[in-house]
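Number of protein chains: 4
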Amino acid sequence: MSEFSVFTSVVQVRPDDIDMNQHVHNAKYFDYVLTARYDQMERCYGMSMEAFLERGFSWVVRASYMEHKRPLRIGDTAVVKTSVTEIRERGVKVSFDITKEADRKTVAKGWLDYAMVSLQSGRPQSIPDDIIQIYSV
Amino acid sequence: MSEFSVFTSVVQVRPDDIDMNQHVHNAKYFDYVLTARYDQMERCYGMSMEAFLERGFSWVVRASYMEHKRPLRIGDTAVVKTSVTEIRERGVKVSFDITKEADRKTVAKGWLDYAMVSLQSGRPQSIPDDIIQIYSV
Amino acid sequence: MSEFSVFTSVVQVRPDDIDMNQHVHNAKYFDYVLTARYDQMERCYGMSMEAFLERGFSWVVRASYMEHKRPLRIGDTAVVKTSVTEIRERGVKVSFDITKEADRKTVAKGWLDYAMVSLQSGRPQSIPDDIIQIYSV
Amino acid sequence: MSEFSVFTSVVQVRPDDIDMNQHVHNAKYFDYVLTARYDQMERCYGMSMEAFLERGFSWVVRASYMEHKRPLRIGDTAVVKTSVTEIRERGVKVSFDITKEADRKTVAKGWLDYAMVSLQSGRPQSIPDDIIQIYSV
Chain A
-15 MSEFSVFTSV VQVRPDDIDM NQHVHNAKYF DYVLTARYDQ MERCYGMSME
35 AFLERGFSWV VRASYMEHKR PLRIGDTAVV KTSVTEIRER GVKVSFDITK
85 EADRKTVAKG WLDYAMVSLQ SGRPQSIPDD IIQIYSV
Chain B
-15 MSEFSVFTSV VQVRPDDIDM NQHVHNAKYF DYVLTARYDQ MERCYGMSME
35 AFLERGFSWV VRASYMEHKR PLRIGDTAVV KTSVTEIRER GVKVSFDITK
85 EADRKTVAKG WLDYAMVSLQ SGRPQSIPDD IIQIYSV
Chain C
-15 MSEFSVFTSV VQVRPDDIDM NQHVHNAKYF DYVLTARYDQ MERCYGMSME
35 AFLERGFSWV VRASYMEHKR PLRIGDTAVV KTSVTEIRER GVKVSFDITK
85 EADRKTVAKG WLDYAMVSLQ SGRPQSIPDD IIQIYSV
Chain D
-15 MSEFSVFTSV VQVRPDDIDM NQHVHNAKYF DYVLTARYDQ MERCYGMSME
35 AFLERGFSWV VRASYMEHKR PLRIGDTAVV KTSVTEIRER GVKVSFDITK
85 EADRKTVAKG WLDYAMVSLQ SGRPQSIPDD IIQIYSV
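So the protein lines, in turn, are chains A, B, C and D.
Under the working numbering, think of the first position of the first sequence as -15, with each following residue one higher.
Under the working numbering, think of the first position of the second sequence as -15, with each following residue one higher.
Under the working numbering, think of the first position of the third sequence as -15, with each following residue one higher.
Under the working numbering, think of the first position of the fourth sequence as -15, with each following residue one higher.
Residues from chain A shown here face chain C by an in silico Cβ test under 10 Å; the list is partial: (1) HIS9; (2) TYR13; (3) LEU18; (4) ARG46; (5) TYR49; (6) LYS53.
Chain C regions said to be covered by chain B (calculated; three or more residues, Cβ under 8 Å): (7) -2 to 6; (8) 24 to 38.
Hint data in this document are derived by calculation from the structure and do not stem from the laboratory.
Fair warning: this is a prediction, and the values are worked out from it, not measured in the lab.
Glycine included, every Cβ here is placed at the ideal spot set by N, Cα and C.
Generate coordinates for the entire structure from the input sequences, incorporating the hints supplied.
Set out below in structure tokens:
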């Protein structure tokens, strides 16, 4: 997906994720990606979301894009891979793909564009150099 | 339901509330009651949740009970009635019933037992007299 | 947004839509758009989702794109406008924008690309002429 | 909890489970219990929800009760224990308790009362003897 590392998280499919079409509800896939990022921030980058908040920063989604290929169903397990694909002065772009654990076929893929903001003001913020380092793996 | 006033709110059923059984998902009915209470705190009691938070208080659920009678489906609208049924030193009990707008038949009913807590410490808190007045309508 | 009609629905913000950032959770905006489309299919196009299902058709999301401009908070109300912007042999593209009712400022905007599928097989399906007519308003 | 077996499932806490109070949203605990039951039906009782549906049966919640002791937060993991505590002609009662994995302290506990229904008619149904056997472990 990119010159940066690709990290992998496993996410449970819960019965409340299933909608009237007997599939995981479309919007839930964003929550699966968010779950993977939280896990990977702590486990893979070594800087948890809590650590960002303690430094007075937060990440907000500016834009997102997703393609749906095949649905997940009850009993399935999601494998979510994410990778930073671009680091800008004030934000990062993260690509993801979600596969079904049982057959490794693609369920969905896309990207999220995040801006770094100040927790206090809510305004966009330049990413400090040490955080650029952390994400440049 | 009680010696105190009964207030009524109308809550939209959204497609994402419907689960794999083609009904509103059980746990969502608690969210319909929560929506009604927020609406009624501001509109009927004249003290919004924000006003509680500004005074350094919050409400947490200690216990809940619900009976399910008939399901709501996509296209239905929920009518949620709530009423304070008990005011204690450190909490209130709120009864609710949810009906389907189209036929006024009962969908679910039950109660929620709330404790007042300090926002700072998270610990139980005696309810101030003026707030007891506000809820004694 | 397009040569086709723009329709408007009002969607309640519920307390359970608010996430740890005190804003409506990003993924919920897709549910607000879905709620608007269900409302508009029945009220504006005169063919409800149920009517599609009865004819053996369903709509699935192939891709989506969203930009987030400003958050909604508890107490706000969402105004969701949608419009068909493209009709293809086997799908339609729907643009949306979400504004805050109080100040009509943009909260989010984007598009959803839907494929028509057969309920039985789950496979892509040519859109029948009468349905193309219904959406060509 | 009962004369019947107690089974245990581990449930991920997802960022979208956290509400504006920075805790797992109250109503989500029902989804954690539901997730545990689905897992245990297949893994522990040897009859998955799918197997029930294939035989033309489903389970619906008639009533529920929950006490909240301590909240779960982002980064926590839930351990959900459930046990059948009563088998009636047309339903079963299931007790649960949820603990935080890190310290095994109680988060919530309560029960769910389920009725067996016919998938076709939606009406209450006597539980077949072989299913009573399956749950009598």
